[in-house]
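Kindly generate the complete structure, drawing on both the sequences and the hints.
If you read the protein sequences in the order shown, they are chains E and X.
In this text, residue positions in the first sequence follow numbering that gives the first Met the number 0: the first is 0, and each later residue adds one.
In this text, residue positions in the second sequence follow numbering that gives the first Met the number 0: the first is 0, and each later residue adds one.
What the hints contain is simulated information worked out from the structure, not anything from laboratory work.
There are no misleading hints in this set.
In silico SDA-like cross-links for lysine to any residue, where the CA-CA straight-line distance does not exceed 25 Å:
1) Lys239(E) x Glu104(X)
2) Lys153(E) x Asp75(X)
3) Lys328(E) x Asp342(E)
4) Lys348(E) x Ala117(X)
5) Lys153(E) x Ser100(X)
6) Lys487(E) x Glu124(X)
7) Lys208(E) x Leu137(X)
8) Lys208(E) x Arg22(X)
9) Lys126(E) x Leu101(X)
10) Lys151(E) x Asp76(X)
11) Lys348(E) x Val4(E)
12) Lys151(E) x Asp51(X)
13) Lys253(E) x Leu101(X)
14) Lys153(E) x Gly49(X)
Calculated Cβ distances over 12 Å to all of chain E for the following chain X residues:
15) Arg24
16) Tyr25
17) Leu27
18) Pro28
19) Gly30
20) Asp51
21) Thr52
22) Gly107
23) Ala128
24) Ala138
25) Glu143
26) Ala145
27) Gly148
28) Ile149
29) Val150
30) Arg152
Note that beta-carbon positions come from the ideal geometry of N, C-alpha and C, so glycine has one too.
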Amino acid sequence: MRITVDPITRIEGHLRIDCDVDGGKVTNAWSSGQMWRGIELILKDRDPRDAWVFAQRICGVCTTVHAIVSVRAVENALGLEVPLNAQYIRNMIIAAHAVHDHIVHFYQLSALDWVDIVSALSADPAKAAQIAQSLSDWPRNSVQEFAAVQNKLKDFVASGQLGVFGSGYWGHPAMKLPPEINLLAVVHYLQALEYQRKATLIVGVLGSKSPHIQNLAVGGVANPINLDSQSTLTLERLEKVRHNISELTDFVNKVYLVDVAAIAALYPDWTTYGAGVTNYLSVPEFPLDTKGTQFSLPGGHVKGGAGGYQAIASFNDKYFEDGVKESSKHAWYSGARPLHPYDGETEPKFTGFEDKGKYSWVKAPTFYDERAQVGPLANVLAMVTAGHEPTKKHLDRFMAIASAVYGSPLPLTALHSTLGRHGARAVRCAVLQDELSQQYDLLMANIGKGDYTTFNRPVFPRGEIRGFGFHEAPRGVLSHWTVIRNGKIVNYQAVVPSTWNAGPRDQNDKMGPYEASLMDNPIADPERPLEVIRTVHSFDPCLACAIHLFEPDRPTPITVTVR
Amino acid sequence: MLGLGNLLLSDEGVGVHAVTALRERYDLPDGVEVLDGGTAGMDLLDIIAGRDTIIVVDAVRREGAAAGTLLTFRGDDIRAAFGARLSPHQLGLLDVLAATSLLGEAPGAVTVIGVVPAHLDLGLELSAAVAASLDALLARIADELASIGIVLRKHRP
Chain E
0 MRITVDPITR
10 IEGHLRIDCD
20 VDGGKVTNAW
30 SSGQMWRGIE
40 LILKDRDPRD
50 AWVFAQRICG
60 VCTTVHAIVS
70 VRAVENALGL
80 EVPLNAQYIR
90 NMIIAAHAVH
100 DHIVHFYQLS
110 ALDWVDIVSA
120 LSADPAKAAQ
130 IAQSLSDWPR
140 NSVQEFAAVQ
150 NKLKDFVASG
160 QLGVFGSGYW
170 GHPAMKLPPE
180 INLLAVVHYL
190 QALEYQRKAT
200 LIVGVLGSKS
210 PHIQNLAVGG
220 VANPINLDSQ
230 STLTLERLEK
240 VRHNISELTD
250 FVNKVYLVDV
260 AAIAALYPDW
270 TTYGAGVTNY
280 LSVPEFPLDT
290 KGTQFSLPGG
300 HVKGGAGGYQ
310 AIASFNDKYF
320 EDGVKESSKH
330 AWYSGARPLH
340 PYDGETEPKF
350 TGFEDKGKYS
360 WVKAPTFYDE
370 RAQVGPLANV
380 LAMVTAGHEP
390 TKKHLDRFMA
400 IASAVYGSPL
410 PLTALHSTLG
420 RHGARAVRCA
430 VLQDELSQQY
440 DLLMANIGKG
450 DYTTFNRPVF
460 PRGEIRGFGF
470 HEAPRGVLSH
480 WTVIRNGKIV
490 NYQAVVPSTW
500 NAGPRDQNDK
510 MGPYEASLMD
520 NPIADPERPL
530 EVIRTVHSFD
540 PCLACAIHLF
550 EPDRPTPITV
560 TVR
Chain X
0 MLGLGNLLLS
10 DEGVGVHAVT
20 ALRERYDLPD
30 GVEVLDGGTA
40 GMDLLDIIAG
50 RDTIIVVDAV
60 RREGAAAGTL
70 LTFRGDDIRA
80 AFGARLSPHQ
90 LGLLDVLAAT
100 SLLGEAPGAV
110 TVIGVVPAHL
120 DLGLELSAAV
130 AASLDALLAR
140 IADELASIGI
150 VLRKHRP
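The structure is reproduced here in structure tokens:
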């Protein structure tokens, strides 16, 4: 039996997933990007100083990340150093954006894969609040708040407005949470809406505008620092940032991380499905010097099996630069062999969907000719391997809560799974909150020393230069690669996280991470393949193409075909 | 006034082009805020929550309608036309509006002014048909504002 889900999620871009199902399990899978990404072409012949402005329009969700990595790529080509203040301001924007993204991903984009909203109506609010209080000392776990949310939910149902929660899978046989946990999750779903705004506000204050920040420049940032002037980054604005950081830290540590741990423990099967590709790649983040040779969070290559660990150490890291290639064998582009991004080509060659041939607009990236999974799980595994203490602390706490709810110790290997990806994302979010505070302190201390520099002017030489920039974005490793001749861009390629994870089979016909992770997933009801959606959502899928046109005449956009 | 769209995909970016043109041609009175929302989703929550009126300009695909045709959707029409189903985007405008309802901070009134695109090819320029409709689009926006008692005046040359 073949199941086709198209498009699969309330996500950016059009992702189609096909699965063969036999005996109630997935036996084969295909991940297909349904839109052509040729956006790099728009950057050809442009001034490299402007590239980030266009690059951040690639995606509506990850606006800041494409902007940041674009300036890093051009700075790398120039060998240009970035003033400390600019690094810290960029670091805070990166961290706040990622926190926003992780919170929204869990609660608004994927919690309803696990949480049955309708079941929450029959919960006992007192009992639900008691469970919540036993897990966390979050002050908003009160009986009053739980009862108020339940009443609000009843009103929404009574007035036929359950649609505001999107198309949930309430009543699906794979939903297993007790009503009280469902209510707890709905309460926190609403609180998450409030708290993610605090992260957006930090991005807006530091980036001068959100969405689409305005403050970047090749060579630094355009934020003049003058603690007394109203038109610049003032003490008052920085104080607002600090206040929001502190409120977010509480929410992430006392709500988000706790909820994911509890839900994982209550769906223990889902810590055994969905591992897929266990060769992991991430990059270091939060540069602490002007050259990008020291970072506060490690990143690197956690090799599959017993392959060991290779750290990625600097913005000039040769191991990273030389390892990346993209194959078009199963993608709708011409080109016979895998190419390095500097030599990348984007020549479309559409064939229709061919199971054994070409079937996607996404290329298949490899790292030293192997598929790699990217994302918070890859990064958490690298940080723990590298001995990063704050990550170990948050991961230990996560495992302790999950094990307590489960009733016996869960092994760390449970992270290689569908719910493990959610868990790692929550752990990384807690680490990011610590970083947000630390980068704020570093910025204030540096300004306190009298350093107000935020920008080094770039100068473009005649002749050809090339460079790459990387960034550990919310969905994983993002890299931009550019070749510049006489101050103009001649080639530009973006290798985005979802390309790593959602890519089709590679040159050796090996499955990509989405595809491999779907193998052996159970399917209770082929007409409503919630299990497929759970596993794909756990990657935080986003196909970086940002078509968002209204289509009022289009029928229900999600179709599930079974044949 | 919220212009939505992807500037890199020609007519998809018409909402952003519209708010840019609006700012260039008119003095905006106090109480009117104009924003290029790009293709953002939940980032817009804070911007939309609690407003008296939101006017959204965006590309709208409509079977059989000529490129450049203007369409207006209001209040419940928006939900009827686009509601009760998932957005094909990350989190579309409707999801954000739904979130404001959940928080009890829904805007007082919402109007979507749509422009039918000719194509969504890669490119920074609008198609000829949609570019030609820009004056009519700005006039429609001005009418919409006039209907709630806000008069736009052109910049003095």
